[in-house]
Amino acid sequence: MWSGRCKGGWLRILEVLLAIPIVAFFILAAANLSPFTSPREYSSLHLRNLALSTLSKMDERGVLTNLVWSGDYFNLKAELETVLPPNIAYNLTVYHLTSLNVSQGKEKILEKKLVREVSVSNFKGEGSPWTESVNYYVSPSEVSYYVQAEKSNSSIYLVACSDAPGWWITGYVPQTMAKSLKEYLVNYYVNVTIINDTSQLYSYLFEDPPVNATVINCHGEAVPIPDQYVSGGNPNWIQYIRDIRGNTLNYNWTWVSIVGYPFYYVSNRNYENWKAWGVTGLYRVATDGLSVFATNEKGSGWRTRDIGIVYMTTVALEAMNTYGIQFSPYQSSSRALERQWMVSNGWDVELLLFDDKGTGYLPVAVFRNGGGRFIHTGLVRTPEIRVPVISLLALTQPTLHEILMNLEQAMKIIVLEVSYIGGGG
Amino acid sequence: MRICRSSKGQMYLLGVVLISLILLSSLLFLYMNALSQRKAYYGSIENFVSVVQSVKGDIEKVVAGALATYTSVLETSGNSTFARVRAKEALDEGLKLVYSSFTGYGIELRYESVNCSLADEHQSYREIKKGEVFKAYWYYPDSVSGVSLKFRFNLTRIGLYNYRVSGHGKAYFILKVAILESKPEKLKVSVSREGDIPILDLDEERFEVIYFDNSAGKWKSETPRITRIYSNGTYILKHSIEGPTLNGEVLPLMLRVRDHRGVIVNSFSVSGYNYTVNHKTVGEHAKYEVEVLSDGAWRFLGQTLVVNSGFNYGPIPPIPVRMLRVNSSNGGKVPFQVEDWDSNLVFPLGLSSPHNHFQPFNKLVFILNSSMTNLWIWWVDDVDSELKLVKTDLYYNSNTRWHKNTYYEGKITSTHPVRFTLKRASTANNDLFELGKINFESSAGWGSWTDTVVNNSARNMFVVELEYKGGIDEAPDTYVLVTITFPGYTKYVTFTVKLILNRVTAKKITDFEVLRSFKGYPDFAAQNGTEIVTSHPNGYSKFYNDTVTGGIHHWVARYSETFGTGLMMTLKNLEELYCLDQSGGITVLKSSNHLLLKPVDNVYQPKTTGVTFNANNEVEIYTWSGLLWVYNGGSYMEIEGYSEMVSNPPEITAVQPVS
Chain A
2 MWSGRCKGGW
12 LRILEVLLAI
22 PIVAFFILAA
32 ANLSPFTSPR
42 EYSSLHLRNL
52 ALSTLSKMDE
62 RGVLTNLVWS
72 GDYFNLKAEL
82 ETVLPPNIAY
92 NLTVYHLTSL
102 NVSQGKEKIL
112 EKKLVREVSV
122 SNFKGEGSPW
132 TESVNYYVSP
142 SEVSYYVQAE
152 KSNSSIYLVA
162 CSDAPGWWIT
172 GYVPQTMAKS
182 LKEYLVNYYV
192 NVTIINDTSQ
202 LYSYLFEDPP
212 VNATVINCHG
222 EAVPIPDQYV
232 SGGNPNWIQY
242 IRDIRGNTLN
252 YNWTWVSIVG
262 YPFYYVSNRN
272 YENWKAWGVT
282 GLYRVATDGL
292 SVFATNEKGS
302 GWRTRDIGIV
312 YMTTVALEAM
322 NTYGIQFSPY
332 QSSSRALERQ
342 WMVSNGWDVE
352 LLLFDDKGTG
362 YLPVAVFRNG
372 GGRFIHTGLV
382 RTPEIRVPVI
392 SLLALTQPTL
402 HEILMNLEQA
412 MKIIVLEVSY
422 IGGGG
Chain B
4 MRICRSSKGQ
14 MYLLGVVLIS
24 LILLSSLLFL
34 YMNALSQRKA
44 YYGSIENFVS
54 VVQSVKGDIE
64 KVVAGALATY
74 TSVLETSGNS
84 TFARVRAKEA
94 LDEGLKLVYS
104 SFTGYGIELR
114 YESVNCSLAD
124 EHQSYREIKK
134 GEVFKAYWYY
144 PDSVSGVSLK
154 FRFNLTRIGL
164 YNYRVSGHGK
174 AYFILKVAIL
184 ESKPEKLKVS
194 VSREGDIPIL
204 DLDEERFEVI
214 YFDNSAGKWK
224 SETPRITRIY
234 SNGTYILKHS
244 IEGPTLNGEV
254 LPLMLRVRDH
264 RGVIVNSFSV
274 SGYNYTVNHK
284 TVGEHAKYEV
294 EVLSDGAWRF
304 LGQTLVVNSG
314 FNYGPIPPIP
324 VRMLRVNSSN
334 GGKVPFQVED
344 WDSNLVFPLG
354 LSSPHNHFQP
364 FNKLVFILNS
374 SMTNLWIWWV
384 DDVDSELKLV
394 KTDLYYNSNT
404 RWHKNTYYEG
414 KITSTHPVRF
424 TLKRASTANN
434 DLFELGKINF
444 ESSAGWGSWT
454 DTVVNNSARN
464 MFVVELEYKG
474 GIDEAPDTYV
484 LVTITFPGYT
494 KYVTFTVKLI
504 LNRVTAKKIT
514 DFEVLRSFKG
524 YPDFAAQNGT
534 EIVTSHPNGY
544 SKFYNDTVTG
554 GIHHWVARYS
564 ETFGTGLMMT
574 LKNLEELYCL
584 DQSGGITVLK
594 SSNHLLLKPV
604 DNVYQPKTTG
614 VTFNANNEVE
624 IYTWSGLLWV
634 YNGGSYMEIE
644 GYSEMVSNPP
654 EITAVQPVS
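Chains A and B supply the protein sequences, listed in that same order.
Just so you know, the first sequence maps onto residues 2 to 426 in my numbering.
Just so you know, the second sequence maps onto residues 4 to 662 in my numbering.
A portion of the hints provided could be inaccurate.
[Stated by the list, open to error] Straight line, CA to CA, 20 Å or less: simulated EDC-like cross-link-like pairs of lysine to aspartate or glutamate: (1) A:K180 <-> B:D345; (2) B:K91 <-> A:E319; (3) B:K575 <-> B:E654.
Just so you know, the hints here were simulated from the structure itself, not pulled from any lab data.
Since the model is a prediction, treat every value here as computed from it, not as a measurement.
Next up, chain A with everything else stripped away, as it sits in the complex (with noise of 0.2 Å):
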């Protein structure tokens, strides 16, 4: 009996038990899933509206994304405390998204993170009181394309010596024409320098030489020798161009050839028995000395040829239309270089600017061999000096401010979190 009876008082205890749960569940689940609205919510939804509205008001104003990208964080508060209630407390922060590189494995991945930048609020108590917030993109003021460009750190020299002339280049002497070039340069390159005489030359490219230059000769088919390679009066010019392709190679030099045949001349106005075609100062070494700078001897002959006019390639003309520096697509070219005789001695063609119309002769290219660089410009004289230009400029392609094409990286992201001052929320 008392083990019945206690049986059936358990079971009853039991059901109260399951009852209890079940039935509080169902009470507090119906009351958190009622379709009516609580205060709280609606004025939530207030809140949230002022906010993107006051941000996206000043947006349209242009308001917002002055200050933000010019980092006005005083008249950006200035401006919020115009346009809030002032019984709207609130925080605003700007993050903007940047790009790391974060190693994985042996793998270097692009990690895209968000940094905070600043945060300015009117509230000066502890804790964090916000109903709500909202997200806000902005992206620059002008969210456009610019002709300044980010500068590389590559240095570029132009030599252009007064005490040596050059040759195809008239209507310019060496000063003038690297003056022109400095005017384009300057735009997309940190330093870009002027060589103004021999020993300078040597100073700056055969004492110590840089590493990663660009060197744009001036002088045209003349290449300017230093005193340091000339002895009895007479040019050791095999050895100085074996010094150009050796610190070419060696120290991944860009050499820039201007117009016509390649170190056709070497040229010192110090040594005034040097003449060629009238020229002082001026000493013909002929083919030879492309030979030296492409094989390392003498020899090789001659290896350009005239094809005419010429078209321009889809990589130079993407180049002008990038850049901006435009002019005629077609040139005359009479001294475009054999491809074949190039690669074979460890010349690869790395970019083609101007079409060799299936001859296998190149008006104008960069070819690469190893770390070094040499562009060749084939065409006749008197030079066009933006040719030169675009190669460099399609070869290095300096980045210009195309922010729409990076529009992540040009974003910033505003939170805006505010709550009814004095509570209401």
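On the provided structure of chain A, position chain B as indicated by the hints.
Chain B only, in chain A's frame:
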């Protein structure tokens, strides 16, 4: 009983479980119901307000940014196709970001290009065609940039479908700038956006005034000062440019406006120039190879054509050259071309790229004939327009390298030395000329020579730098550059010889022949038919007289045969023959009747005389120009006509702005 009680307890337990199941089912039903109600109520309020606005706002940002990209790339490159491609890439990149930002809402986004009108009361033709998406009508007093797109998006997670964002038949975004008044030191402009909403909050940095500085010979820019803003979007801007004005009223300049979105509009205060030309010489031969420079000045054979007092030339704006046009009152379209020269306009580089912005190193070239009394140089406002070449009678055979038109054929027939042959079209009669003989040494063109401009509408060109085997005796570091132009429709070609002295070394020029003819010139003529030939004691005739006021002998011709050529020079060119040596001039070798154009003539002087130049590290350039013409058969009147043509070039009696 035990068993019975035990079963009863189990039944209770079963009952409780059943009740629990029923309650749980109810709860689930209630939950589902509540969820759908939440979608219906909260979704329509909260998400429409915030999420939809966010999506819409982001789309607008991306579209505005893409339009800004289009206008910026267009301004930089001058190539509207390239700009459009870049802008579309930017649009797609931006929309991808919008998509990735709202994937949690199940966003589905589509857009399409639609036609829309940009017409206003002055330009009814303006529109954005389907497929273009971005468009600009620039360089007019009222100019506009715009984008036309229609978007639809779904946010499937909150049950929102087919939300449309569009300009409702109008452009999605535009920036419109109208120059209402351009006067010295003052600009009145209006700036508005889509929906004709005035933009009132542009600060001064958003404006850039670009003007041609005549003294510097180039375009410069400055930021104007805003002196007043009206509620209709009209700005009064103050700048420092005082002139010159056109017709005493309009100041030609460019205004660049960039709004908060980065959208650019380039406006020019006039849309062209109307020239009234007073031809002092009429007739079929009176055709002028006119070069128009960046400052707007017209030049013929290196001389600027005079403009009547009270009028000024207006500068050719720095716009893509494919937008330029030339028209005349009688003949409609006038063939022209734009050429690139070096920065000092010393040597030609070739035809300009159609996308190149017209600059001080450019020349606009056309042939002006005596029937053209009114001429317009103007430009279209559609940045997509291409320049359609208007063919002339000019032809270049790239195999034979003959340049020819209806009247003449010319080519370089020898490069060692450089010799030039000119003949009447389709005949064998020809005259031969040598160029640039110096210190008794003939030139050569071993290096390279080029027909830099070929098969174009206004003129062809030949350029060579002469070389001298072993150099020029006594004149080291001396260069000679020759340019010959072949104009369409004319009976003449022009030549220019430049002597370039690099005075790093001292030099002496004892004798210099700009031009020598190899056919005899048995007869000579001079102004008014007066033959002025000074007998030279050694059998030469000096054909000059620089003492007569106004100059007399600026031409010489061989006219008594069935075919002949003539040499004609302007007074200014003629004076250049004496710039080095007073014994220079036009010389005729009596024994062979060779014609010699000689700025330095020391033939009968000891060689030690001549013109000496000390080394002073300067570069000096001397220029001699003239024209060589052909005619058919002994008409003295024709020679007279050419003389008149060169002596009395047209005057520009008025330059009126076209607005």
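*Which numbered hints does this structure break?*
Violated hints: none; all satisfied.
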